[in-house]
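With the sequences and hints as input, model every part of the structure.
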Amino acid sequence: MELALKIVDADGLVLASSTGRDETFLVYRQSYREGDRVVVEASEPGHIFLALDGAIQPGLVYMKECAYELAVPFGDKRKPYSPNAFRGDIHRLSARSARPDEIARRRNLAFNPWDDHANRALFPHARANVETRGEAAFAARNAIDGEKANDDHGFWPYTSWGINRDPQAALKLEFGRPVSIDEIVFYLRADFPHDSWWNEASVTFSSGRTSRFPLVKSGAAQSFSIEPCIVEWVELHGLIKAEDASPFPALTQIEIWGTEVPGGGDLDVAVAAEDKSGLAALPLNL
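Heads up: the sequence shown begins at 1 in the UniProt record's numbering, then just goes up one per residue.
Take these hints with a grain of salt, some might be off.
In the DSS-like style, the derived pairs of lysine-lysine whose C-alpha atoms are separated by at most 30 Å in a straight line are [unchecked claim]:
#1 K148 / K77
#2 K79 / K6
#3 K77 / K172
#4 K6 / K241
#5 K241 / K148
#6 K172 / K241
Source of the hints: derived by calculation from the structure; they are not laboratory data.
Pasting the structure below:
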């Protein structure tokens, strides 16, 4: 896979770039300015490790399109990120094609620290029908960024998906290709007594099934094993609030554990399955 990293300004001028076969690094020796964008390009769809800022943990993501852009955040849009992110006059970025064994292993398929509203190329991608006051600190992307600190709210690392007190709130998590899932983990925001919590949450799977999960007042991980199924998306909804004084339940993080479907999004997955079994893995008919 050919990979490229670029810093592009508001007028489309390429300020810095690097390219490489399966791996590339870019060191940008300037301060970011409003309107700057980080651009990732790949010669084909596939799984890549992205580290677009030294203050944000790298993520193994699936690139469905051949180009992805992240607007460098300023102002209120900085709130979901570390105060050290995107600051200073030297920045190290990297992109690497994932190895077949890394792709094939069981992992949290819902993790993507590079997601945002404009993203349509890099998966997983989270979107919601409501976000508290439209503020970045309560955006849907916060529920899949890997940040689990949940005893406060409103700023990094205490970001969350806020539902603006809407009982019809729903969050859809798209994987961009078929995946096989077997476990769901919820981290409720737990800034008690400011926060409330949900007694129950429902998840509908793209396969057509809906499951309900009982939740409790806790900031700890609440894990549920599910019957393995192949999906392209899941939707969290049916959030039943506890009867308490606070009107503010929120979700700090959701994890969806499972594995890739051989042939579902990357030929390397089939190669890894063949290496383990000695038999060629065949794509599934979905």
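Hints versus structure:
For the suggested pair K148 and K77, the alpha carbons sit about 19 Å apart, so the restraint of at most 30 Å is met. Taking the CA atoms of K79 and K6, the gap is near 24 Å; set against the 30 Å cutoff, the hint holds. A hinted pair counts as satisfied when its Cα atoms are at most 30 Å apart, and K77 with K172 qualifies at roughly 21 Å. Taken as a hint, the K6 and K241 pair is broken in the structure, with Cα atoms around 45 Å apart against an allowance of 30 Å.
Note on K241 and K148: the hinted pairing holds, with a Cα-Cα distance of about 21 Å set against a maximum of 30 Å. Distance check on the hinted pair: K172 and K241 sit about 19 Å apart at the alpha-carbon level, within 30 Å; holds.
When each numbered hint is compared with the structure, a violation occurs for hint 4 only.
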